[in-house]
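Asker: Chains as they are written, first to last, in my numbering: chain A, 1 to 246; chain B, 1 to 250.
Derived from the structure by calculation, the hints contain no laboratory data.
For every residue, glycine included, the Cβ atom is placed at its ideal position computed from N, Cα and C.
Take these hints with a grain of salt, some might be off.
[As the list claims (entries may be wrong)] DSS-like cross-link-like pairs, simulated, lysine-lysine; straight-line CA separation at most 30 Å:
(1) A/K110 to B/K64
(2) A/K110 to B/K130
(3) A/K146 to A/K245
[What the hints assert, rightly or not] Listed below are several chain A residues computed to face chain B (Cβ distance under 7 Å; list not exhaustive):
(4) L34
(5) D71
(6) D97
(7) A104
(8) G209
(9) L215
(10) A234
(11) N236
(12) R237
(13) V243
[As the list claims (entries may be wrong)] Calculated from the model, a selection of chain A residues having no Cβ within reach of chain B, i.e. all distances over 12 Å:
(14) W8
(15) Y22
(16) G26
(17) A65
(18) E78
(19) G134
(20) E138
(21) G171
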Amino acid sequence: MRLTLRIWRQRGPEDRGAMATYELDGIAPEMSFLEMLDTLNEELADRGEEPVAFDHDCREGICGACGVVIDGQAHGPEPTTTCQLHMRHFSDGDTIDVEPWRAAAFPVVKDLVVDRSAFDRIIGAGGYVTAPTGSAPEAHSTPVPKDAADTAFEHAECIGCGACVAACPNGSAMLFTSAKVNHLNSLPQGAPERETRVLDMVDQMDTEGFGGCTLAGECATACPKDIPLPSIAAMNREYLRAVRKG
Amino acid sequence: MATATAKTPTDRGGERSASGTAPARRLGPLRRMWRSSIGKKTVMAVSGLLMLGYLVVHMLGNLKIFFGADEFNGYAHWLRTIGEPFLHHEWFLWIARVVLVAAVVAHAVSAYQLSRRDLAARPVKYAHRKARTSYATRTMRWGGVIVGLFVVWHILDLTTGTVNPRGQAGHPYENVVAAFTTWYGNVIYVVAMLAVGLHVRHGFYSAAQTLGATRAGLRRGLSAASNVLAVVLTAGFLSVPIAVMTGAVH
Ligand code: FES
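Whole structure, please, built from the sequences with the hints as guidance.
Answerer: Pasting the structure below:
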C-alpha cells in the first residue's frame with residue numbers, strides 16, 4: 001500500500017524541529033509499524049538523506065523502548081506497543097502523522113527519540129525491595145496471598161514505555177508511578193519500604209516536572225499493558241496512608 | 001546530594017524535593033504534602049467536598065421560596081439565629097463564612113499551582129489533535145474561574161445588595177425576585193449554574209479518587225452520585241429564576 005507520512009524531524013535537543021512529509025510505497029499489511037519505518041529509512045539512506053531516528057529494542061512488546069504518537073494517539077490506534085502495531089490497521093492512501101512523546105520531562109533527543117531517564121530516577125527513588133542478593137530465597141519462605149499476587153502482577157506488567165505520559169494532557173506520570181508503587185506495596189516483600197517508597201517516588205515524579213492527575217483517563221486508554229485507571233486512586237490512598245504514618 | 005534546581009534534564013539525579021533545595025523527606029508531613037502534587041490534590045478534594053456540602057444545603061434552602069415570602073424571609077432570619085443562645089446573633093453565619101472563604105482560597109490556590117505545573121509539563125502540543133476528554137473534564141479550570149467570579153457577583157447581588165435592582169436588607173424574597181427580573185441577572189445566574197453542574201460532575205468523582213476510593217462497586221456508586229448531584233444541584237438552583245421568569249414566584 002501507498003502512504004503519506006508526516007514525521008517529526010529534529011536534528012538534536014536544541015534544534016527547533018518540524019514535521020516533514022514523505023511518500024512511501026510498497027508497504028505490506030503484515031509489516032509492523034517499525035518495519036514500515038525501516039523501509040522508509042532504507043529509502044532515505046539510498047537517497048543519501050538522514051534516516052528517521054526512533055527507539056526500539058525487543059520488537060515483541062515487552063521492553064517498552066519503542067513508542068511514538070501516531071495520528072495523535074500514543075502507540076497508534078490499537079491497544080498495543082508501536083512495534084506490535086501492524087500496517088493492516090491502516091489503509092492504502094492514508095496520511096499518517098508520527099510524533100515523539102511530548103512532555104517536559106521527556107526531552108526530545110532526536111527525531112522520534114525522547115529521553116525517558118526521568119522514569120529511571122522515579123524507580124531509583126523507591127521502585128525496589130531491600131532483599132539479600134546472591135542465592136535465591138526459598139520460594140515458600142514468604143507466603144503471598146493470591147489476591148496480593150494478582151494485584152502485584154497486574155501492575156508489574158508495566159513496561160515503562162511512557163505512553164501514559166505522552167497521552168495525558170498534563171504530561172502526568174501518575175499511572176506509571178502508581179503501577180510501580182502498587183506492584184511492590186501489595187507484596188509482603190515490599191512492606192518494609194511501603195511508606196518511604198510511595199513518598200519518595202511521588203516526590204521524584206514531581207521533581208522531574210511531570211504534571212498531576214485530572215482524571216482525564218487518557219493514560220489508561222493508551223496503556224499497552226492495561227494498567228487500570230483506579231491504580232492512581234490506589235496510589236493516592238497509599239500516599240495519604242504514608243503521610244498519616246509520618 | 002545535588003542541590004541544583006530541577007530544570008535541565010541532565011542534572012536531575014539524586015534526592016531532591018519538588019521545589020529545589022531541601023530534600024523532601026526532611027520536611028514535616030504537612031509541608032511535604034503541600035509540596036507534592038497529590039497533597040495539593042488532597043487539599044482540593046477536601047475543600048471541594050466542603051463547598052459541595054454547603055451548596056446542597058444552600059440549594060435546599062432556596063427551595064423555600066416556593067412557600068412564599070414569609071417562610072423564605074423567616075428562613076433567612078433563622079439562619080442568623082443558629083446556635084443561639086450559645087452563640088451570639090449571626091456568629092454561626094460568620095463562622096460559616098470564614099470556613100467557606102478558607103475553602104475557596106485553598107481550592108483556588110491549589111488549582112492555580114497545579115494547573116501551572118500541568119501546563120508546564122506539556123509545553124509542546126501534538127500537531128495531530130485527536131478527540132479530547134469529556135467536556136466536563138476539560139472545562140474544570142475555566143469553569144472554576146467562572147464559578148469564582150459568579151460568587152463575587154452573587155454576594156454583591158444578594159448579600160450586600162450592591163448590584164441588586166432592589167437591594168433591601170432584611171427582604172431576601174423581594175431581592176431574589178428583583179434579581180431575576182433583569183435579563184443580565186438571569187443570564188449570569190443560568191450560565192454559572194450550568195458551570196457548577198459541570199464542575200461538580202467531574203469534581204466530585206475526582207475528589208473521591210484523590211482520597212483513594214478504589215473498590216469497583218464504590219467507584220460505580222460515586223460516579224453515579226456525581227451525575228445525580230450535578231443534575232439535582234443545577235436543576236434545584238435553576239428552578240428559582242425559572243419560577244420568577246414564568247411568574248410562578250413574584
Ligand atoms: S520495541 Fe520493545 S516494546 Fe516495542
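Asker: Hints first: check each against the structure and report whether it holds.
Answerer: To see whether the hints hold, each was checked on the structure:
1. A/K110 to B/K64: Distance ~65 Å between A/K110 and B/K64 Cα, so the pair is violated.
2. A/K110 to B/K130: Roughly 24 Å separates the two Cα atoms, so the pair holds.
3. A/K146 to A/K245: 27 Å, holds
4. L34: 19 Å, violated
5. D71: 5 Å, holds
6. D97: This interface hint holds because 4 Å falls under the 7 Å limit.
7. A104: Hint holds; A/A104 Cβ to chain B Cβ min 5 Å, cut 7 Å.
8. G209: Constraint on A/G209 satisfied, holds at 6 Å.
9. L215: 5 Å, holds
10. A234: 5 Å, holds
11. N236: OK, holds: A/N236 within 7 Å of chain B, min 5 Å.
12. R237: A/R237 check passes; min Cβ-Cβ to chain B is 3 Å, inside 7 Å.
13. V243: 5 Å, holds
14. W8: 8 Å, violated
15. Y22: Label holds. Min Cβ-Cβ 15 Å, cutoff 12 Å.
16. G26: 24 Å, holds
17. A65: 18 Å, holds
18. E78: With a cut-off of 12 Å, A/E78 remains clear of chain B, as the shortest Cβ separation is near 14 Å.
19. G134: 27 Å, holds
20. E138: 32 Å, holds
21. G171: 3 Å, violated
Checked against the numbered hints above, the structure breaks hints 1, 4, 14 and 21 and satisfies the rest.
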